[in-house]
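*Asks:* If you read the protein sequences in the order shown, they are chains A and B.
So the first sequence is numbered by the numbering used here: it starts at 1 and just counts up by one.
So the second sequence is numbered by the numbering used here: it starts at 1 and just counts up by one.
Read the hints as simulated data drawn from the structure, not as lab findings.
Keep in mind that a hint or two might mislead.
[Unchecked claim] Using C-beta positions, here's what the derived DEER-type ranges look like:
no.	chain 1	residue 1	chain 2	residue 2	range
1	B	15	A	65	21 to 31 Å
2	A	322	B	141	29 to 39 Å
3	B	50	A	371	34 to 44 Å
[Stated by the list, open to error] Within a straight-line C-alpha distance of at most 25 Å, the following computed SDA-like cross-link-like pairs (lysine to any residue) qualify:
no.	chain 1	residue 1	chain 2	residue 2
4	A	325	B	39
5	B	153	B	99
6	B	11	A	401
7	B	105	B	79
The beta-carbon is built from N, C-alpha and C at its ideal position, and this holds for glycine as well.
Here are the chains, one letter per residue:
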Amino acid sequence: MNLVLVSVVIFNIVVSLLFSLGAAPILVWMERRVAGFIQDRLGPNRCNIGGFRLGGLIQSFADMLKLVFKEDYRPKSVKEKLFFSFSPVIVFVCAYLTFMVIPFADDLIIGNQIFMMQGLPIDFGILWFLAFAGLSVYGIIVGGWASNNKYSLLGGLRAAAQVISYEAAMGLSLISILIVYGTIHLGEMVRIQGELLFGFIPAWGIVMQPVAAILFIITAFAETNRAPFDIAEGESELVGGFHTEYSAMRFGLFFVGEYVAMSASSALIITLFLGGYQIPWLNTEALKNNLFWVICCLMVLAPLMSVVFARWIDKNNAWPEENDKRNVEARWLKRALVVINIVLLSILGTLLLLGMSSDAVNITVALLQIVTFALKLLFVNFFFIWVRWTLPRFRYDHLQDLGWKILLPLAIANIFFTGIFVVVFGA
Amino acid sequence: MGIKVVPRHGKSFKEKIYLPAIFGGLKVTFKHFFTNLKDTSNIKTIQYPEVMPKDITPRYRGIHRLTKREDGSIRCVACFMCATACPADCIFIEATERLDGIDEKMPKRFDIDLLECVFCGGCVEACPCDAIRMDTGIFAFVQDERKKFVINKEQLLANEAMKEEEK
Numbered sequence: 001m002n003l004v005l006v007s008v009v010i011f012n013i014v015v016s017l018l019f020s021l022g023a024a025p026i027l028v029w030m031e032r033r034v035a036g037f038i039q040d041r042l043g044p045n046r047c048n049i050g051g052f053r054l055g056g057l058i059q060s061f062a063d064m065l066k067l068v069f070k071e072d073y074r075p076k077s078v079k080e081k082l083f084f085s086f087s088p089v090i091v092f093v094c095a096y097l098t099f100m101v102i103p104f105a106d107d108l109i110i111g112n113q114i115f116m117m118q119g120l121p122i123d124f125g126i127l128w129f130l131a132f133a134g135l136s137v138y139g140i141i142v143g144g145w146a147s148n149n150k151y152s153l154l155g156g157l158r159a160a161a162q163v164i165s166y167e168a169a170m171g172l173s174l175i176s177i178l179i180v181y182g183t184i185h186l187g188e189m190v191r192i193q194g195e196l197l198f199g200f201i202p203a204w205g206i207v208m209q210p211v212a213a214i215l216f217i218i219t220a221f222a223e224t225n226r227a228p229f230d231i232a233e234g235e236s237e238l239v240g241g242f243h244t245e246y247s248a249m250r251f252g253l254f255f256v257g258e259y260v261a262m263s264a265s266s267a268l269i270i271t272l273f274l275g276g277y278q279i280p281w282l283n284t285e286a287l288k289n290n291l292f293w294v295i296c297c298l299m300v301l302a303p304l305m306s307v308v309f310a311r312w313i314d315k316n317n318a319w320p321e322e323n324d325k326r327n328v329e330a331r332w333l334k335r336a337l338v339v340i341n342i343v344l345l346s347i348l349g350t351l352l353l354l355g356m357s358s359d360a361v362n363i364t365v366a367l368l369q370i371v372t373f374a375l376k377l378l379f380v381n382f383f384f385i386w387v388r389w390t391l392p393r394f395r396y397d398h399l400q401d402l403g404w405k406i407l408l409p410l411a412i413a414n415i416f417f418t419g420i421f422v423v424v425f426g427a
Numbered sequence: 001m002g003i004k005v006v007p008r009h010g011k012s013f014k015e016k017i018y019l020p021a022i023f024g025g026l027k028v029t030f031k032h033f034f035t036n037l038k039d040t041s042n043i044k045t046i047q048y049p050e051v052m053p054k055d056i057t058p059r060y061r062g063i064h065r066l067t068k069r070e071d072g073s074i075r076c077v078a079c080f081m082c083a084t085a086c087p088a089d090c091i092f093i094e095a096t097e098r099l100d101g102i103d104e105k106m107p108k109r110f111d112i113d114l115l116e117c118v119f120c121g122g123c124v125e126a127c128p129c130d131a132i133r134m135d136t137g138i139f140a141f142v143q144d145e146r147k148k149f150v151i152n153k154e155q156l157l158a159n160e161a162m163k164e165e166e167k
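Bound conformation, chain A alone:
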């Protein structure tokens, strides 16, 4: 039985690593390609290993290698060497640890053991997120200050002021959600969101608390220093903002930290407002009872989606010359698709034919929920990128106006009305 425990714990850590750290190169790639497509450009699509470009994904790894092997340069003017070196680590570690309390599947029951499907099996939930999201700004402030450069210092100060004003609104918007759910435990919240409102709408947070959802999403953008709130970088005014003096992997940690923080914020938005790992209309119980039909649907859907994807490859990854490396890559990708389909279908088919023990049902449900969570995570991350390439940056006073005069009163009013509603109508 101990073997099960160890393997589930390792699995959890690996999956949360994949979602946070492994997401960074994918997000960098997505950012560039999505930006390209939005602006009618192509984006990076040339970098390859043996002809395999994977739509330009290899570029991220090349960039990462470049950052690792660059000279680790520190300007002479930096007096506080320890803080200078330490601040990227703060940003990175905080962003990374935030992810650890996000549940990516319902509690897994194997035999008589119950496992929490999250990186660290602790139930601080939302408090952990707030603590680390607040702490990560220290990295930016300390880095900006230790750089001994006026632009960096201004960037750090802007980040400090921005986070103070938006963390207030964020905390208050969370309170109304806590009133509705009555718990700080994220897994519990997602379980509540699996139910149905009036019998046909999934009781997702965004339906129950639309105002809080909008407030939280806006403040989450500010919290991760993403556009339109990326005035801490503000390259048009502040050169590079807080990371002006940083280069090589020190800058790389800031860079990756930003994307990990974005991914963590997306995960929290999903967990609080978009039903977490729940498939709409199919909560864990319903999924366990109807697993046969769900698997049948998957067995039909997977080949269909693969055919659509293969046709997309034929159309967009082709080149007039027969043996061009683009065509070679497309052929191999299509073969890989066929192999994946065969493996998937044979596994699902055996499951269907042999029938499933309760453990197998639980594990399959958990895997399905992890996939659902990953898809939702990808979509919300896409939303972050999409907004970045749509909206211009806020001016500093507009930003403070929005934070203190609009978001904060709205959040307080929302708490007030939610409280009245809950007291009058019951939870």
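We have chain A; now place chain B onto it with these hints.
*Replies:* Leaving out everything else, chain B in the frame of chain A:
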């Protein structure tokens, strides 16, 4: 002339809550994203090394060439007009006597340092014999050594005009 009243925006409630405008913007960017994702051939980017740009006109000043006479011999008479006109001093000519009776003088050496050249076309303007032209349309020249950028008389003679001359 009457006074044109410019309407001021941003006062109505819909504009003040800002979200409809944001969603409008998101719709526009998503439309671009989706059409380009569905079919990347919608994007106007040229796949450069495989596909060359087609909009290089004959008047584009590319790498120089030395023109030839009807019989295929060099047209240049080594008068040094181009080297004198050159603001970058990148043309190096060494004259020699021409013994085949077509003319009196011809260049023994005619080098152009492409790293010095500013592609002003001054040499083409200055030439009295129409012996040097910049109509090759070659805009990309890459070498791995500095001295390879100095192109000599044979290379200049080998360059051809991009398009047939209009008569």
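*Asks:* Confirm or reject each hint.
*Replies:* Evaluation of the provided hints:
For the pair residue 15 of chain B and residue 65 of chain A, the beta carbons lie near 48 Å from each other, so the given range of 21 to 31 Å is not met. Under the hint 29 to 39 Å, the C-beta atoms of residue 322 of chain A and residue 141 of chain B, about 31 Å apart, fit the expected range. The given range of 34 to 44 Å is respected by residue 50 of chain B and residue 371 of chain A, whose C-beta atoms sit roughly 38 Å from each other. Annotation: proposed proximity of residue 325 of chain A to residue 39 of chain B holds, straight-line Cα distance about 20 Å (limit 25 Å).
Simply put, residue 153 of chain B and residue 99 of chain B have alpha-carbon atoms about 18 Å apart, close enough for the 25 Å limit, and the pair holds. Between residue 11 of chain B and residue 401 of chain A, the direct Cα distance comes to roughly 17 Å. Compliance with the 25 Å bound is thereby established for this hinted pair. Between residue 105 of chain B and residue 79 of chain B the CA atoms are separated by roughly 8 Å; this keeps the pair inside 25 Å, and the hint holds.
Figure legend: structure checked against the earlier numbered hints; the only hint not met is number 1.
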